[in-house]
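Build out the structure end to end from the sequences listed, making use of the hints.
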Amino acid sequence: MRLLVANRGEIAVRIFRACRDLGIETVAVFSDADRQSPHVTMADHAVRLGPAPSRESYLSIPALLDAARRTGARLVHPGYGFLAENAGFARACAEAGLVFVGPSPEAIEAMGSKTGSRRMMEKAGVPVVPGTVEPARSAAELKEFARRAGYPILLKASAGGGGKGMRQVDSEKDLDAAFTRVCAEAQAAFGDPSVYAEKRIERPRHIEVQVVGHPREGVLAVGERECSIQRRHQKVLEECPSPAIDDALRGRLCDAAVAAARAVGYTSCGTVEFLVAPDHSFYFLEMNTRLQVEHPVTEEVWGVDLAAAMIRIALNEPLPADLSRLRPRGHAIECRIYAEDASRGFAPSPGRIASLRLPEGPGIRNDVGVEAGSVVPIDYDPMLGKLIAHGADRAAALKRLARALSDYEISGVDTTLPLFRALCADEEFVRGNFDVQWLDRRLSGGLLGAEAPRASEIWLAATAMAQAEAPLAPASAGGSASLWRGAARREALRD
Amino acid sequence: MRLLVANRGEIAVRIFRACRDLGIETVAVFSDADRQSPHVTMADHAVRLGPAPSRESYLSIPALLDAARRTGARLVHPGYGFLAENAGFARACAEAGLVFVGPSPEAIEAMGSKTGSRRMMEKAGVPVVPGTVEPARSAAELKEFARRAGYPILLKASAGGGGKGMRQVDSEKDLDAAFTRVCAEAQAAFGDPSVYAEKRIERPRHIEVQVVGHPREGVLAVGERECSIQRRHQKVLEECPSPAIDDALRGRLCDAAVAAARAVGYTSCGTVEFLVAPDHSFYFLEMNTRLQVEHPVTEEVWGVDLAAAMIRIALNEPLPADLSRLRPRGHAIECRIYAEDASRGFAPSPGRIASLRLPEGPGIRNDVGVEAGSVVPIDYDPMLGKLIAHGADRAAALKRLARALSDYEISGVDTTLPLFRALCADEEFVRGNFDVQWLDRRLSGGLLGAEAPRASEIWLAATAMAQAEAPLAPASAGGSASLWRGAARREALRD
Amino acid sequence: MRRFTFIHRGHGGPEELSIEVDDSLQRCVLSRGGRSEPASIARLPDGRVSLLLEDGRQICGRVRVLCGGDLEVVTGSSRRKIALADPLRDRIAHAAQSESGSPAEEEIRALMPGRVIEIAVKRGQRVGAGELVLVLEAMKMQNEIRASRGGTVAEIRVEAGRAVEGGAIMVVLRADEEPS
Amino acid sequence: MRRFTFIHRGHGGPEELSIEVDDSLQRCVLSRGGRSEPASIARLPDGRVSLLLEDGRQICGRVRVLCGGDLEVVTGSSRRKIALADPLRDRIAHAAQSESGSPAEEEIRALMPGRVIEIAVKRGQRVGAGELVLVLEAMKMQNEIRASRGGTVAEIRVEAGRAVEGGAIMVVLRADEEPS
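For the record, the sequence lines run as chains Y, C, D and X. Per our numbering, the first sequence runs over residues 424 to 918. Per our numbering, the second sequence runs over residues 424 to 918. Per our numbering, the third sequence runs over residues 74 to 253. Per our numbering, the fourth sequence runs over residues 74 to 253.
There is no bait here: all hints are sound.
Here's a subset of chain D near chain C, in silico, CB distances under 10 Å, partners left out:
{"id": "1", "residue": "ALA115"}
{"id": "2", "residue": "ARG121"}
{"id": "3", "residue": "LEU125"}
Here are a few chain Y residues that sit away from chain X, every Cβ distance over 12 Å (derived from the structure):
{"id": "4", "residue": "PRO474"}
{"id": "5", "residue": "ALA572"}
{"id": "6", "residue": "ALA601"}
{"id": "7", "residue": "GLU640"}
{"id": "8", "residue": "ARG673"}
{"id": "9", "residue": "ALA682"}
{"id": "10", "residue": "GLU709"}
Restraint ranges, calculated between C-beta atoms of paired labels, are given here:
{"id": "11", "chain 1": "C", "residue 1": "PRO741", "chain 2": "Y", "residue 2": "ARG639", "range": "46 to 56 Å"}
{"id": "12", "chain 1": "C", "residue 1": "PRO741", "chain 2": "Y", "residue 2": "GLY855", "range": "15 to 25 Å"}
{"id": "13", "chain 1": "Y", "residue 1": "MET424", "chain 2": "C", "residue 2": "GLY872", "range": "20 to 30 Å"}
{"id": "14", "chain 1": "Y", "residue 1": "ARG478", "chain 2": "X", "residue 2": "ILE242", "range": "56 to 66 Å"}
{"id": "15", "chain 1": "Y", "residue 1": "LEU746", "chain 2": "C", "residue 2": "GLY872", "range": "33 to 43 Å"}
{"id": "16", "chain 1": "C", "residue 1": "GLU479", "chain 2": "D", "residue 2": "PRO111", "range": "16 to 26 Å"}
{"id": "17", "chain 1": "Y", "residue 1": "TYR503", "chain 2": "C", "residue 2": "GLU740", "range": "36 to 46 Å"}
{"id": "18", "chain 1": "D", "residue 1": "THR225", "chain 2": "Y", "residue 2": "ALA848", "range": "43 to 53 Å"}
{"id": "19", "chain 1": "C", "residue 1": "LEU738", "chain 2": "X", "residue 2": "ALA202", "range": "45 to 55 Å"}
{"id": "20", "chain 1": "C", "residue 1": "GLY855", "chain 2": "Y", "residue 2": "GLU851", "range": "48 to 58 Å"}
{"id": "21", "chain 1": "X", "residue 1": "ARG196", "chain 2": "C", "residue 2": "ASP764", "range": "31 to 41 Å"}
{"id": "22", "chain 1": "C", "residue 1": "LEU738", "chain 2": "D", "residue 2": "PRO111", "range": "31 to 41 Å"}
{"id": "23", "chain 1": "Y", "residue 1": "GLY855", "chain 2": "C", "residue 2": "ARG639", "range": "23 to 33 Å"}
{"id": "24", "chain 1": "Y", "residue 1": "ARG478", "chain 2": "D", "residue 2": "GLU180", "range": "39 to 49 Å"}
Hints were generated in silico from the structure; no laboratory data involved. Ideal Cβ positions, reconstructed from N, Cα and C, are used throughout, including at glycine.
Below is the structure:
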């Protein structure tokens, strides 16, 4: 049996590992930017899709189906991003006789519409943020809602997501202008001017529940993840469990997540996202109908292989262990390592990775999609991989994370490693005291202050310069005292 | 606070990681063969001990104490091997005002004598293998024992260990000659001709129990490890839990191990080794009064950090979590990766590691003491490091292990990786059906048969040769279609 | 022993420091602000440098030359750009800056001795800011040298595959006219 | 396109195979036993080679030259010594063997074009079996070339730092007299 991953980078690598654990052969696809990438060179089969731009490669459904046909793949896994939540792709796979590793196209579609899924959740008894539900036809309609729910409110593009096409309105006098602007932005960004309004929850946490749905075994919740550490609405660090959730709240969140998944007949791994207010009230945000970037923290704490489970479900096999008997243990934290330059507003930092040394040892897991020498292309999301630390409790996991971050060497491109090193040294973060806007506030407050070089770093630079410029010792004809000396000299000679 | 590790290689790296997790500064010591080794270049401080031979470096107590004094180290950790079970070193540390991370010198001494510890165990009610207890003064004395216990019996050097100075006697007619020979061997190898006899247990398993003793919190057992996969009495692969131990037997083994540790007032991490017969009777073998090579499999399954616990106990701190509440989860397997050539009887294969690529991803832990470019010296044990795979059950752990082994690249030196790849494909091993002599039998039965090169490997060789000999493409002055093409060409040029 | 002097331009302005290295490249003396400290140097197989100071402190990291001429020092726990140059190159770099805020020509120099691996431009070619000009192998690293501003390639003074001296001019770019 | 022919000496005796490579070094045709198959080649940044066959199969591994002249092919799941040489070198290697089981002189040849990094012996020096003779950089790897038997260095025909052609004699060792 063969499985094609319609994706690239670390998630393709992750899914291929699950395939190898299940005895399934792997098929990689690649654009011209990725011929040398680890996801290709680790695969049993590989097929070129097209040029680097996503539209001509990883988003090209005909090219993907052709690759599956040519290599005899039976399963297609979409990963996350690209076509992962595209019901049309799921349908095209089924029509081509391929098994799409994910939920039904109907479940993807039902959860794909913000307003549609909201209506469905209200019906299923899952709490949602007070809002207009339907796209607003006028600013007046929104004013009426705001008078009932109270300011501040949020205007959101119906077709948006991930923080794009969103605007806060603090009082009625700003509403007309804001409505006009968000409609225009929504039209420009998503080709759909529909806008709706929601009550703004103050200082909420972003908490999500992992669900696993199986055609015969039903839907189960596998605990929550804490995803409040976000930069401009983009998650950068996730934890399992949340330091702010007690058993009672966890139970209520999991029940709501199971109800949400059941409402769409969900039969795969998926994630139900909630906003949790400081008073422990919570509201359905959306459901991600795919394997989530941050799935490893759940895997480490619950001792489960979600990527493998997803494939088994797609094959209609029973799940390996009785998931309902699983119990969490310890604490896990994931850092998303991006090729971004924190000193230039986290701008992408494409280029060649000159060196890469991964941390190893107890409690450390690396899910990485690049290697030393890899070129980070400008064409895709610049995530290099994820570092996951696991320990007996949150304090132990944080210490192991800090240790791993001080063993992590990447040169050649800028990365978000300095952000995580700063977080590990931040008292409020270490106390677990944050909400979804916390990181943006800390960043504008100077979390990443420019540090002066340390004396040790200056000496390393000076020593390397001196060694490089020193007259090269003549290659000795024998007489080197030991292999070690000889080796050192040879290495020095290379420069 | 600073901790000096009086050791090298992967165990020094492992203990330094625990120090970093505990906020303790690290002090490495090194011989001239190790100036470039990872345990040195990861440490905050490093001190040269002397030339490569162990006697002048890692076994030199004066040099070690001097290094601790010069760097202001307060703690000294012996690792395993070298001075780890040397009561004199533990005493010398205490006399120099240093905290020795291990049990008391008295406990080390008590367990250091095979016959002494045996007497002590009998007194503590721990079952021991029927034997002469005292060194035998004559062959006649042994004959009397053998008539009672029945043949076959084993003659063992009192000062021996690890299979050295051991001989099986199948009938009375062979006993005189065997006694003379083992006495002579014992004198030559250990400077002590004392020999004792034991009943030989047929097809036993080697099972050991992890114990943790604390001055105030008492002694606890943290499950067992399966260590029957041995090559000539040397462990090569270990598991937790054992596939052959049920809960009842586990309980009896743990009780016996706790009684053994209590008998010597044990206050550190340690291991009590047993032989377990097919009828579930078991016999005390010895106690290792140190951190065991295979401690990681217990750490993965029990969710505990034994290396950190050992340091905390030495500092007289309470243990971080209530150990008695720990519960095992899943299954872990460790492979000891040695620089040895299986095709030449596992002879050491020193040399330069030309390339090294470690496996990564879910369920994989690397405790490794070398890196690409490291020279494996002839002066020490040739273990490069350990690969630990962890999964929801033994089948899952084995699959992850096989996956990791097929991602593990070492070139330049021969290693034991082919042995582990063969084990993962061996039906009896996969069924868990083995005893301590099983691997030696399988090896002489051709477990590591020479395979013909695959077509894919021949094509790789031919392609690399052709690329290396092809006329070099002229360095293009611009016009390279993409960075990827340019990069490929530059790389090709390097040869 | 051979002595090297460097200028470090940190937040507090330029500072001089020096390092004496013996012929084996394994022992050195570091001097800064009137204080000297002996140390041993080990070059690791993967190109990193380990410094062992007299008091036992061990420092390990990788040093790369960035296209601007700064050094990138990467340790396990940091990655920092350090403005460190020998006095001659420091003078060249800072003299050019002080003469003109936006000189008409940009001289792309080899900040370290090295070997040109690839020249990605032709004489007369228009290059944009950030575009690859050439690849210089130095200190075991392939350094991509990019144009800091847009311009036209006026001269190419090196050949692919050839060694270059530290400080040598490799390519001259004529800057674009300012559009406004 | 350029064609290379190799002799592979496996268990079944010598076998000829050939590979045609285009000028970009990225496309090739593999031929063996009368069957041909096109493939694409990628050299990875760390020196490994990835081959992509027409039917989609992907093969990735690292190839090193061992001191005996065999090739070491290391993939994630195997490490194998493969006796593969071009017809000339195959003839040299196997002719020498058939002339004399233990020739008086051992010619240490460069099995690949490369660069001599270090010469660890002097003319007239006695070397034992397995002792390091020189280090040859070829195919991005430093290959330690060791004496296969004890002897005395009779000639050194290369210099450290210089390139050598594939097949060139680098060092000649005069074998020890057999002791018995």
